[in-house]
Amino acid sequence: MAGLIRRRARRQRLFRWVVLTLLGVFFLLPLLAMLEFTTRGGGGSFTLQTWRLLADWPQLRETYPNLSTGIVASLGQVLLTVALTLVLLVPTVIWVRLRLPRLRRVVEFLCLLPLTIPAIVLVVGLAPVYAWVTYLLGGSSLTLTFAYTILVLPYAYRSIDAGLSAIDVRTLAEAARSLGAGWTTVIWRVVLPNIRTAVLSAAFLTVALVLGEFTIASLLNRTNLQVAVNLLGKSSATMSVAVSLAALVLAFVLLLLLSLVGGGRRRTSPKETS
Amino acid sequence: MTVGTHHPDPVAPAPGVRPAPARRRVRLPGGALLGAVPFFAYVVVFLAVPTLVVAIGAFTGDNGGFTVDNVARLGEEYILAAFGRSILLSAVTALLGAVLGALLGYALVTAKPDGLLRRVVTAASGVLAQFGGVTLAFAFIATIGLSGFVTEFLRDRVGVDIYASGVWLFELPGLLLVYTYFQIPLMVIVFLPALDGIRPQWREAAASLGGSTWQYWRLVAMPLLAPPFLGATLLLFANAFSAYATAAALVSQGSPIVPLQIRGALTSEVVLGQQNLGKAMALGMIVVVAVVMWLYALLQKRSAKWLG
Numbered sequence: 001m002a003g004l005i006r007r008r009a010r011r012q013r014l015f016r017w018v019v020l021t022l023l024g025v026f027f028l029l030p031l032l033a034m035l036e037f038t039t040r041g042g043g044g045s046f047t048l049q050t051w052r053l054l055a056d057w058p059q060l061r062e063t064y065p066n067l068s069t070g071i072v073a074s075l076g077q078v079l080l081t082v083a084l085t086l087v088l089l090v091p092t093v094i095w096v097r098l099r100l101p102r103l104r105r106v107v108e109f110l111c112l113l114p115l116t117i118p119a120i121v122l123v124v125g126l127a128p129v130y131a132w133v134t135y136l137l138g139g140s141s142l143t144l145t146f147a148y149t150i151l152v153l154p155y156a157y158r159s160i161d162a163g164l165s166a167i168d169v170r171t172l173a174e175a176a177r178s179l180g181a182g183w184t185t186v187i188w189r190v191v192l193p194n195i196r197t198a199v200l201s202a203a204f205l206t207v208a209l210v211l212g213e214f215t216i217a218s219l220l221n222r223t224n225l226q227v228a229v230n231l232l233g234k235s236s237a238t239m240s241v242a243v244s245l246a247a248l249v250l251a252f253v254l255l256l257l258l259s260l261v262g263g264g265r266r267r268t269s270p271k272e273t274s
Numbered sequence: 001m002t003v004g005t006h007h008p009d010p011v012a013p014a015p016g017v018r019p020a021p022a023r024r025r026v027r028l029p030g031g032a033l034l035g036a037v038p039f040f041a042y043v044v045v046f047l048a049v050p051t052l053v054v055a056i057g058a059f060t061g062d063n064g065g066f067t068v069d070n071v072a073r074l075g076e077e078y079i080l081a082a083f084g085r086s087i088l089l090s091a092v093t094a095l096l097g098a099v100l101g102a103l104l105g106y107a108l109v110t111a112k113p114d115g116l117l118r119r120v121v122t123a124a125s126g127v128l129a130q131f132g133g134v135t136l137a138f139a140f141i142a143t144i145g146l147s148g149f150v151t152e153f154l155r156d157r158v159g160v161d162i163y164a165s166g167v168w169l170f171e172l173p174g175l176l177l178v179y180t181y182f183q184i185p186l187m188v189i190v191f192l193p194a195l196d197g198i199r200p201q202w203r204e205a206a207a208s209l210g211g212s213t214w215q216y217w218r219l220v221a222m223p224l225l226a227p228p229f230l231g232a233t234l235l236l237f238a239n240a241f242s243a244y245a246t247a248a249a250l251v252s253q254g255s256p257i258v259p260l261q262i263r264g265a266l267t268s269e270v271v272l273g274q275q276n277l278g279k280a281m282a283l284g285m286i287v288v289v290a291v292v293m294w295l296y297a298l299l300q301k302r303s304a305k306w307l308g
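The listed protein sequences derive, respectively, from chains A and B.
Residue numbering for the first sequence follows UniProt numbering, beginning at 1 and increasing consecutively.
Residue numbering for the second sequence follows UniProt numbering, beginning at 1 and increasing consecutively.
Treat the hints as calculated values from the structure; they're not laboratory data.
A quick note: this is a predicted structure, and the numbers were derived from the prediction, not measured.
Note that the Cβ used here is the ideal one computed from N, Cα and C, for glycine as well.
Check the hints yourself; a few may be wrong.
Chain B regions said to be covered by chain A (calculated; three or more residues, Cβ under 8 Å) [said to hold, decoys possible]:
1. 46 to 59
2. 82 to 94
3. 122 to 128
4. 148 to 162
5. 219 to 225
6. 247 to 260
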C-alpha cells in the first residue's frame with residue numbers, strides 16, 4: 001500500500017508539473033508579451049520610457065488627458081461603488097437575517113439575478129433610466145456607480161452571506177438586545193466586527209470588478225479606465241498596453257491579498273474567493 | 001461563481017454552528033419591513049426597471065403600440081447568423097475551457113491545499129476570469145497582433161507567418177482564442193470546490209478493494225464529477241455568451257456576434273424601425289442565458305447533495 005501511494009504521489013507530481021508548465025506558458029506568454037511590447041524601443045532596443053511616463057502623473061496628464069480623466073473617473077467609481085454597495089447591502093442582509101427571515105430567499109434571488117442578465121442587455125434597459133439620472137444628477141461618469149452596484153451585487157452578497165453563515169448572528173443579536181442594545185448598535189458594533197473579513201472580501205471584489213468594467217461605461221457614453229484604454233489603443237498602442245498590464249497586476253495583487261486575509265477561513269466558506 | 005440554487009438551504013452551516021431555527025414564526029411588524037425598503041427600492045429602479053424596459057420594449061412598435069414585429073425580425077438571416085456564431089463561439093470555448101480548466105484544477109488539488117502555488121493560481125484565475133475583456137484584447141494584440149511579440153518572433157526567427165492566409169486575430173478565430181484564455185481560469189474557480197469534495201479516502205477504499213486507477217476514475221470519480229463538470233460548462237457557456245468587451249475591443253469590422261449587433265442597434269437608434277430591435281435581441285439573449293442558468297441550477301442541486 002505504501003509503495004502504491006508513493007508511486008501515485010509521484011505520478012500526480014509529474015502530471016501537476018506537465019499541466020502547470022503547458023498552461024503556464026499559455027497564460028504567461030501574453031503577459032510577457034505585454035511587458036516586451038511596452039519596453040520595445042526603436043530598432044529593437046530596450047526602453048523604459050512608457051513606464052516612466054506612466055509613473056509621472058503630471059506629465060501623463062499633459063500627454064494623454066483622456067487617459068488621466070479615465071483613471072480618475074475609475075478611482076472615483078471604485079470608491080463610490082464600494083461605499084454604496086456596503087451601505088446598501090450589509091445592513092439589509094443582516095436585517096433580513098434577524099428580523100425578516102422569510103424575505104431571505106427573495107433578497108438572495110434579487111442579488112444573484114444580475115448573473116443571468118448580461119451587462120450588454122442591462123445597458124439596453126438602463127439607457128432610459130440613465131436619461132433620468134442625467135436629468136437629476138448630471139452626466140458625470142461617477143453616476144455609473146448606480147449600475148456598478150447592481151453588477152457587483154452577486155459577488156458582494158455571496159461574500160457577506162458566507163460571512164454571516166459562519167457566525168451565529170441570532171444569538172449574538174439576542175445577547176446584545178438583552179443587554180439593552182438598540183438595533184443600530186447590534187448591527188454596527190456587534191455583528192459588523194464579526195464579519196469584517198467578509199466585508200473586506202466584498203470590497204476587494206468590488207474594486208477588481210469596477211476597475212475592469214467596460215461595457216456599461218462605453219455604451220452609456222461615459223468614461224473610465226477601460227474606455228480610455230480602448231480609445232487610446234487606436235493612437236498609442238504602447239501606452240494602452242502598459243496601462244492594461246498595470247491594472248491587471250493591481251487587480252492580481254488585490255485578489256492575492258484577499259486570499260491571504262481570508263485564507264484562514266477557506267474551509268468554512270469556499271465560496272468566498274470565487 | 002456558484003450561483004444560488006433554490007434547494008432548501010444552500011448556505012450550509014459551518015461545523016459547530018447551530019443552524020438557526022428557520023421555521024420560527026416571526027411577526028412582520030411594519031417597522032422591520034421599513035428597514036429593507038432602501039434595498040428593494042434600489043433594486044427596482046436599477047435592475048427591475050431596466051429588465052422590464054427590455055422585455056416591454058421588445059414588443060413595442062415605433063409608434064408605441066404592441067407589436068411582435070421586433071421579435072419576428074430576429075428570424076432575419078443576419079441576426080440568426082449572429083446568434084449562431086455567438087452560440088458556436090460560446091460552446092467551443094466553454095468545452096475547451098472546461099476540459100483544460102478541469103485539468104488545471106485537478107493539478108491544483110493534488111498540490112498542498114494552503115500552499116503558495118494554489119493561492120497564486122487561484123488569485124490569478126480570479127483576475128483573468130473577471131477582469132475584463134479590453135485588457136485581454138490588448139494582451140493578445142501585444143502577443144500575436146501584427147507587430148506582436150510571438151508574431152515577430154515566428155516571422156523573423158522561425159520563418160512562419162501566422163497571418164499568411166489573412167489576419168484572423170480580429171475575427172471569429174481570434175475571439176475563440178481570447179475567450180478560451182478567460183474561460184480556463186473561470187473553470188478553475190467554479191470547479192475547484194467540486195474537486196475539493198472528492199475525498200482521498202474514496203480512492204484508498206477503491207484501491208483496498210483491488211480497484212485499478214482506471215476503475216476508480218470510471219466508477220467513482222467520474223460519476224461524481226460529471227454533474228458539476230456539466231454545470232460548470234454551462235456556466236462557462238453563459239459567460240462567453242454574455243461577454244462584450246473583448247469583442248468590442250478586438251473586432252474591427254462588422255458585428256459577427258449578438259452583443260456587437262446590439263451595440264450596432266443601440267448606437268444607430270435613429271434608423272426608423274430599428275428602435276426596438278436591439279431590445280428584441282437583448283430579450284433573445286436573456287432567454288438563452290436563462291435556459292442555460294436554469295439547467296445549471298438543476299445540476300448544481302444534484303451535486304450539492306454530496307458536496308455538503
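Has the segment 247 to 260 of chain B got at least three residues whose CB is nearer than 8 Å to a CB belonging to chain A? holds (count 3)
Residues of the segment 122 to 128 of chain B with Cβ under 8 Å from chain A, three needed, outcome: It holds, with 6 qualifying residues against the three required.
Coverage assertion for the segment 46 to 59 of chain B with respect to chain A, Cβ distance below 8 Å, three residues required: It holds: at least three residues are needed, and the segment 46 to 59 of chain B offers 9 whose Cβ sits within less than 8 Å of chain A.
In terms of beta carbon proximity below 8 Å, does the segment 82 to 94 of chain B have 3 or more residues touching chain A? Per the Cβ count (0), the hint is violated.
Establish whether the coverage given for the segment 219 to 225 of chain B by chain A is satisfied; the threshold is a Cβ-Cβ distance below 8 Å, and no fewer than three residues must meet it. violated (count 0)
Between the segment 148 to 162 of chain B and chain A, are there enough contacts, at least three residues with CB-CB distance under 8 Å, for the coverage claim to hold? Answer holds; 3 residues pass the 8 Å Cβ test.
Against the hints set out earlier in the document, violations occur for numbers 2 and 5.
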